[in-house]
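Trainee: Listed below are the residues making up each chain.
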Amino acid sequence: MSLLDPVWTSLLYLAAAICFILALRRLSSPRTARRGNLVGALGALIAVVTVFLSSRLENIPWILAAIAVGSAVAAPVARRVNMTQMPQLVALFNGVGGGAAALVALLELGHADNPWVRVAIVFTLLVGAVSFAGSGVTFAKLQELMTTRPVVFPGLPVVMGLVLLAAVAAGVAVVLTGSLLLAVLLLLLGLAAGVLLVLPVGGADVPIVISLLNAFTGLAVAASGLVLGNVLLVVAGTLVGASGTILTRAMAAAMGRSVAGILFGAFRGGSTAGSTAVSERPVRSSSAEDVAVLLGYAQRVIIVPGYGLAVAQGQHTAAELALALEARGIEVDFAIHPVAGRMPGHMNVLLAEANVPYESLKEMGEINAEFKTTDVALVVGANDVVNPAAKTSSGSPIYGMPILEVAEARQVVFLKRSMRPGFAGIENDLLYEPQTSLLFGDAKDSLAQVLGAVKAL
Amino acid sequence: MDGIALLTVTVLAVFVGFEVVSKVSSTLHTPLMSGANAIHGIILVGAIIVAGQAADPWVLAVALLAVVLATANLVGGFVVTDRMLHMFHARKDAARTAAGPKAGGK
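For the protein sequence lines, the chains are D and R, in the order given. For what it's worth, the numbering used here labels the leading residue of the first sequence as 2, then goes sequentially. For what it's worth, the numbering used here labels the leading residue of the second sequence as 44, then goes sequentially.
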């Protein structure tokens, strides 16, 4: 029941591939990004309709039912998920894509008579499984189902080495024999490698790993395209693999890290240890009224939002506070660290949700020089991105990451839940400095109290 | 399509992939990653082909699992990206005064 001849099929796949290229291009610019995403979805629709019209397919009712199930599960979750939990959702979607690629490759083994096709199958199986398991672990870390700190145990590099060696051996055996049993073994080894790859990655580096695994899934999809002889899968997968690699490097650069350092830093030991103990040094804790007075009689205030703000859903209150301060003639800006939140650009999304105007969101490079002339830096639920240890302490896991120079401001106010260290699990010396005061509590409640006190001034 | 032609396409796609995202501000890193994530959900096409050729019930079951997973990647990926970008779009015309009434939403 093939309705389309191969020429039309190829032309429609070409159209879908062009849609994907245009989608990525437009997603790179703020003005065209949303249309870009829709163009990508259009490309996907063209491709799926084409495959139904052009291939001789059995089991069509079953396939349609499976598509309905997948959509019915994913679309409501994607529509309803809290924006703070979006990074783990992206990790999850990435993982299931990798898993799908690995399953496709496994099932194609029976049809593969050519050893080169089996090479592509082995690659898809291994990379897809790594992506699936690795994404699962990043999901667990971001959802805080497990510790966000690096998990290392003695002998981890040895275990990882053995797993990889076994995977290579199993891969070679699958290419030579085409054994399904060995392919399943390879799949399991890939899952183990994915878990071992991500376990030692610490807190703040997790988003970069999501991006890397996204590129991995792209490569697995491209290889599955080679297996099936489907050009569209090859083009789309390769596009994602290549652009994902560039994106991963850009994200790592924004944090002052190298991708290799993130993945293998923990293997070398030492640097990720950080200090777990919360020290007993005294801090200056303060009341909402004190903070309101500091803010209300300042001339220039910079608000530094972090993940704590997003978790507490305090972005709307922060926007209102900025408005109230501006009504008093105070100059207020938001300083956005490139990795504030859980992913690069995450904080911009959250503040955009609260209708904070674009001009008030200042990027790090733009605003760092202005802290010197700032009366109060109000740090709301951020910690690692303002931690001077990134500049001064070469043993620190975040050493080398560019930070917002809030220490330069005349007064620094932290709104924090507790003295617990941030996502990277290291203490912030700035909390103990004489110009720093702290207001403990949930970010949204604290902001609401400060807002009320500012209005009462 | 023969092997060499596929290889040619692959290599060219690598360069296109590098090129299209070469200049992107850190603001858009998250939506771009999410959009790219949705695009590799196109493995759905592969899963449909495999499911459509399945004769053995076990093969069909695994292939249908792949279809479900791939659909979740594809549909969920595009929907969540659209939600992120909707917020970027909204702030162009929304003045900060609009923050009040919407507070506490979502």
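To be clear, the hints were calculated from the coordinates, so they are not data collected in a lab. Among these hints, one or two may not hold up.
[To be verified] With a straight-line Cα cutoff of 30 Å, these simulated DSS-like cross-link-like pairs (lysine-lysine) come out:
1. Lys456(D) <-> Lys392(D)
2. Lys373(D) <-> Lys363(D)
3. Lys66(R) <-> Lys392(D)
4. Lys363(D) <-> Lys456(D)
5. Lys363(D) <-> Lys392(D)
6. Lys66(R) <-> Lys456(D)
[Claimed, not checked] Some residues of chain D that are not near chain R, with every Cβ distance over 10 Å (derived):
7. Val8
8. Val91
9. Asn95
10. Gly100
11. Glu109
12. Trp117
13. Gly219
14. Gly245
15. Ala255
16. Ala261
17. Met344
18. Arg418
19. Asp430
20. Leu439
Where is the CB? At the ideal position from N, CA and C, for every residue including glycine.
Trainee: Taking C-beta pairs only, is Glu109(D) more than 10 Å away from all of chain R?
Mentor: violated (7 Å)
Trainee: For the pair supplied as a hint, Lys363(D) and Lys392(D), is the alpha-carbon distance within the 30 Å limit?
Mentor: Roughly 21 Å separates the two Cα atoms, so the pair holds.
Trainee: Is Lys456(D) within 30 Å of Lys392(D), Cα to Cα?
Mentor: Not satisfied, since the Cα-Cα distance of roughly 38 Å exceeds 30 Å.
Trainee: Since Asn95(D) was said not to touch the interface, does its Cβ keep a gap of more than 10 Å from each Cβ of chain R?
Mentor: violated (5 Å)
Trainee: Holds or violated: Lys66(R) and Lys392(D), Cα atoms, limit 30 Å.
Mentor: holds (27 Å)
Trainee: Verify that the Cβ of Asp430(D) lies farther than 10 Å from every Cβ atom of chain R, and report whether the claim holds or is violated.
Mentor: holds (26 Å)
Trainee: Over 10 Å to the closest beta carbon of chain R is the bar; see if Val91(D) clears it.
Mentor: Answer for Val91(D): violated, closest chain R Cβ roughly 5 Å.
Trainee: Please check whether the beta-carbon of Gly219(D) is more than 10 Å away from every beta-carbon in chain R.
Mentor: Given a closest Cβ separation of 5 Å, the condition is violated.
Trainee: If I take the minimum Cβ distance from Arg418(D) to any residue of chain R, is it greater than 10 Å?
Mentor: Arg418(D) clear of chain R: closest Cβ-Cβ about 20 Å, beyond 10 Å.
Trainee: Please confirm whether Ala255(D) is truly not at the interface, meaning its C-beta sits more than 10 Å away from all C-beta atoms of chain R.
Mentor: violated (5 Å)
Trainee: Any Cβ of chain R at or closer than 10 Å to Trp117(D), or is the non-interface label fine?
Mentor: Its Cβ does come within 10 Å of chain R, the nearest being 7 Å, so this is violated.
Trainee: Far enough from chain R: is every CB of that chain over 10 Å from the CB of Gly245(D)?
Mentor: The claim breaks: Gly245(D) does not keep its Cβ more than 10 Å from every Cβ of chain R (closest is about 6 Å).
When held up to the earlier numbered hints, the structure conflicts with 1, 6, 8, 9, 10, 11, 12, 13, 14, 15, 17 and fits the remainder.
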